[in-house]
Amino acid sequence: MAKLQIFLPDGTETTHDLPEEKTSVGRTSENQLLIADDSVSSQHAEIIFENANFFVRDLESTNSTFLNGSKIQSAVLKHGDEVRFGSVACVFLSENSDSRGATESSTLGEQVAATCSLRPEGFVSSSPTPRNKNGKDFGPLAVAAAAVIGFLAVGGALYLIFQAPA
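Residue numbers for the sequence shown follow the numbering used here, so the first one is -3 and each next one is one higher.
You may find that some hints are simply not true.
With beta-carbon atoms standing in for the labels, derived distance ranges [what the hints assert, rightly or not]:
#1 K18 / S66: 21 to 29 angstroms
#2 L154 / T58: 46 to 54 angstroms
#3 A140 / E17: 23 to 31 angstroms
#4 Q39 / A149: 44 to 52 angstroms
#5 S66 / P15: 51 to 59 angstroms
#6 A142 / T24: 33 to 41 angstroms
#7 Y155 / S25: 51 to 59 angstroms
#8 T58 / Y155: 48 to 56 angstroms
#9 S25 / P136: 31 to 39 angstroms
#10 E9 / F147: 36 to 44 angstroms
#11 I68 / E91: 20 to 28 angstroms
#12 G135 / K67: 32 to 40 angstroms
#13 G135 / Y155: 26 to 34 angstroms
#14 S66 / G135: 36 to 44 angstroms
The list that follows gives simulated cross-link-like pairs (lysine to aspartate or glutamate, DMTMM-like), each with its CA atoms no further than 20 angstroms apart [claimed, not checked]:
#15 K74 / E42
#16 K(-1) / E91
#17 K67 / D77
It should be emphasised that the hints constitute simulated quantities derived from the structure, not laboratory data. C-beta: ideal position from N, C-alpha, C; glycine also.
Can you build the whole structure from these sequences, using the hints too?
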């Protein structure tokens, strides 16, 4: 049975058996392979077994699917291939490989984990608010200014209400 070795950005590693059928990959619980990472779309990709080969197919995900560093829509998987869903690196391990042993595949997994970028090239944030690039956070200052203006408005309204008629 083929396996997918998954290296999460926080350093944890898991291995998932791939059945000889379709396996959905994504961030939500509807998927057979759940990857709880913000860079992974809710329905990110599928891994399909067809004609004695495994294929990976991107499902128009936000942060794309990559095979050995190249962005793909669909591709055949071979033993030792690096697959990346968003910023989550994985290694495809197949029992049908006669050229690589288990020790080499674990070494490859360690290399992928060591060289994997937490933010892939071309990463597009799905956050609706842009990141502050100059390092200054004006949020607390804006809240304080709004509070002062609110107090002045309430004070002015109370002054006008309780002012003696002329």
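Confirm or reject the claim that A140 and E17 have a C-beta distance inside 23 to 31 angstroms. The hinted range 23 to 31 angstroms is violated for A140 and E17, with Cβ atoms some 58 angstroms apart.
Y155 versus S25 beta-carbon gap, inside 51 to 59 angstroms or not: Holds: the Cβ-Cβ distance is about 57 angstroms, inside 51 to 59 angstroms.
Using the beta carbons of S66 and P15, state whether their distance is inside 51 to 59 angstroms or not. violated, 26 angstroms
Cβ distance range 33 to 41 angstroms for A142 and T24, holds or violated: For A142 and T24 the Cβ distance comes to about 37 angstroms; the hint holds.
Assuming the hint says 36 to 44 angstroms, is it satisfied by the Cβ distance from S66 to G135 or not? Holds - the Cβ-Cβ distance for S66 and G135, about 40 angstroms, lies within 36 to 44 angstroms.
The hint says 46 to 54 angstroms between L154 and T58; measuring C-beta to C-beta, is that right? holds, 51 angstroms
Go ahead and decide if the range 26 to 34 angstroms is satisfied by the Cβ distance of G135 to Y155. holds, 31 angstroms
Between K(-1) and E91, does the CA-CA distance stay at or below 20 angstroms? holds, 8 angstroms
Could you say whether the range 36 to 44 angstroms given as a hint is met by the Cβ separation of E9 and F147? Violated, since E9 and F147 (Cβ atoms, about 54 angstroms apart) do not stay within the stated range.
Could you grab the alpha-carbon distance between K67 and D77 and see if it respects the 20 angstroms cut-off? holds, 13 angstroms
Can you tell me whether the CB distance of G135 to K67 sits inside 32 to 40 angstroms? Holds, at about 35 angstroms.
Distance restraint hint 21 to 29 angstroms, applied to the beta-carbon atoms of K18 and S66: Hint holds: Cβ distance 23 angstroms, inside 21 to 29 angstroms.
Hints 3, 5 and 10 from the earlier list are contradicted by this structure; the remaining hints agree with it.
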